[in-house]
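Position chain B relative to chain A; hints supplied.
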Amino acid sequence: MAVFGPKANLAVNAALVGAGGLFLTLLLMIWVVPVSGYNTLERYVPVQPVPFSHKHHVSGLGLDCRYCHATVEVSQNAGMPATKVCMTCHSQIWTNAALLAPVRQSLAEDKSLRWTRVYTLPDYVYFDHSIHIAKGVGCTECHGPIGDMPLTWKATTLYMSWCLSCHRNPAPHLRPLNDVFDPHWRRSPETPSGAQLMAAYHIHPKTLSDCGVCHR
Amino acid sequence: MTLATDDPGALPIVRPGVTLTSLSETVSGRLLSRRPPLWWWIGFGFASMLLLVLIVAVVNLFVAGIGIWGVNIPVAWGLAIAEYVWWIALASGGTIISALFYLTRSPWRAATNRIAETMLLSAAACAGLMPILHLGRPGLFYWLFPYSTVMGVWPQVRSPLWWDFTCLLCYILMSIMYYYVGLAPDLATVRDVAKGRARRMFYGVLALGWRGSARHWRKHQTVYGIMSAIMAPMVVSVHSVVGLDFAAGLTPGWHSTQFPPYFFFGAVISGTALVAMLTILVRWGYGLEGVITDYHINALGKLVLLGSVMLAYAYLFEAWGPIYGANVADRTEFASRIFGFTAPAYWGKVALNIVVPQALWFPAVRRSKPALFVISGGIIVGMWLERYIIVVSSLHRNYMPSYWGDYYPTVWDWAILAGSIGLFLTLFFALLRIVPIVAMSEVREIIAKDGAP
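Quick mapping for you: the protein sequence lines, in order, are chains A and B.
For what it's worth, this note's numbering labels the leading residue of the first sequence as 1, then goes sequentially.
For what it's worth, this note's numbering labels the leading residue of the second sequence as 1001, then goes sequentially.
With the C-beta cut set under 7 Å, the calculated list includes, among others, these residues of chain A facing chain B:
hint, residue
1, TRP31
2, VAL35
3, TYR159
4, MET160
5, SER161
Now the stretches of chain B that chain A is said to cover, found in silico as 3 or more residues with beta-carbon under 8 Å:
hint, stretch
6, 1140-1153
7, 1195-1204
These are calculated hints, taken from the structure and not from any lab test.
Model, not experiment: these values are computed from the prediction.
Backbone N, C-alpha and C fix where the C-beta goes; we use that ideal spot for every residue, glycine too.
Chain A with its partners taken away, still in its complex shape (with noise of 0.2 Å):
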């Protein structure tokens, strides 16, 4: 007596055909969900103590990225404004607003305020920034648009083959050192080309991808 009817077959064609499905679903997934937003926290907005607005200062009122980020150009750390570089204009505008009482607080208990971090590196990736403004590389060709952004938020993927992107083929993301801090910069005619910009800043692309550059 035969174990299995006519129809097993179908059961086991639609198993085949099922586990063909799956492993090939599998195989897609190990590709798409590292690169979904989900994973990548990519247009992020995290929760700061002060909702604080790029847009308002930056586009609006005109303020350099360094008026606050101070050390932008000497150090790995673009650095955070002390509370007291808050407090040079809101000591006398917005002075009773709710949303500042934090930064008041901060002042008046002479402790930090604790920004939630936005950009986070591994500690395996050295990475400093006063060599990429030095070489001519914008703020915004990593933090995006950030002069238009009321809240801040997360730009890029921050993968590794985003950073080789740029280490493979800097050309493209070149700008002369005046226009380093301008948050809305747009290349013109004027513009010395990709090459002449590697030529001037002496950067060399077939070094610049080593493991060595960036893990030390």
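Structure of chain B alone, referenced to chain A:
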């Protein structure tokens, strides 16, 4: 290949009295008996305990990190890499017997190939585990896959380590498919012999609707022949590439053109030695004297001897390089290998792999099961020593004298070794209860051809 054709009258391939039906009932009956024999419980129990050792050792390794091992600079490759090579060589022996000797139509292969392939899969599982355990960050082993969406970096295709990964992956996948294709008709036999509904369902699903029609057989033979023709060169390439892992390193003692064949010779001797041991044990345990005869033992003994002779050639060449060449580092390393830190292991491997197996020239020794068993066991140990020496000796006497140092495995190194043996035995014993351990369909061919009743 004349290994299998001497004195055919004296040593029957299948004992008289074994018929087509008695064969099916004997082999299937071993699987279908409700209670496994006592030796199986003892063996399986012992194996599971060793497997437990592996689980404890691996959990500790993952939690505490690779620092619990004895590896350090300069000897950064330790027992895990030695055992990787050891296990993959043992696995390769299974393929050599099942694929190479299928192509040569050697009749003794029919009753032993299933044992060889079961050993292959069990050993390949152990081999696949070792490099992952050896990684400082085992969770990132998938970086070996050509997958660049996140990092934007492809694996280094010029590195033998990556060829090795690719070869091993293809080899294991191919071996599983080869095993299964060969099994299909036998699983159908077990299904037909089985009594209970559950067992018939189980083997019925595994047999994938095999009915033994002429069309089934024709397709089966075509596929099996093609797969054998792929597997035979593949196994040569797999172990050669393992050899290249070392040969491509600019390290005295490793950087040698002889490594690919040297490693393949090692695979021949260690793999066939393990198949010989397991064949003797399974033959005794399952009472398969009817189909696994002195003919098979004799053939396996000759193969072990052939491996020993080939390996002796490799050992001579290994010594000849430093002696004939003018490289000081090579000579220093080799001197330390044979007279220094690894000297006991070196002379141990020479004795166990080369000197003792020469006894197999005598037919009486070759056909004596206890003698072949002991010699084969010695070879398995000797081959472990050989891998240990290759890995450790070269690293501990590298070019710079300031960079010299010794290597002492810790208790956790040994726990991984014991545990991997446990994993191998557990898989083998489990498969002994699930798959027909003799390829019935192929033995039937021999019975039919020889005109036995």
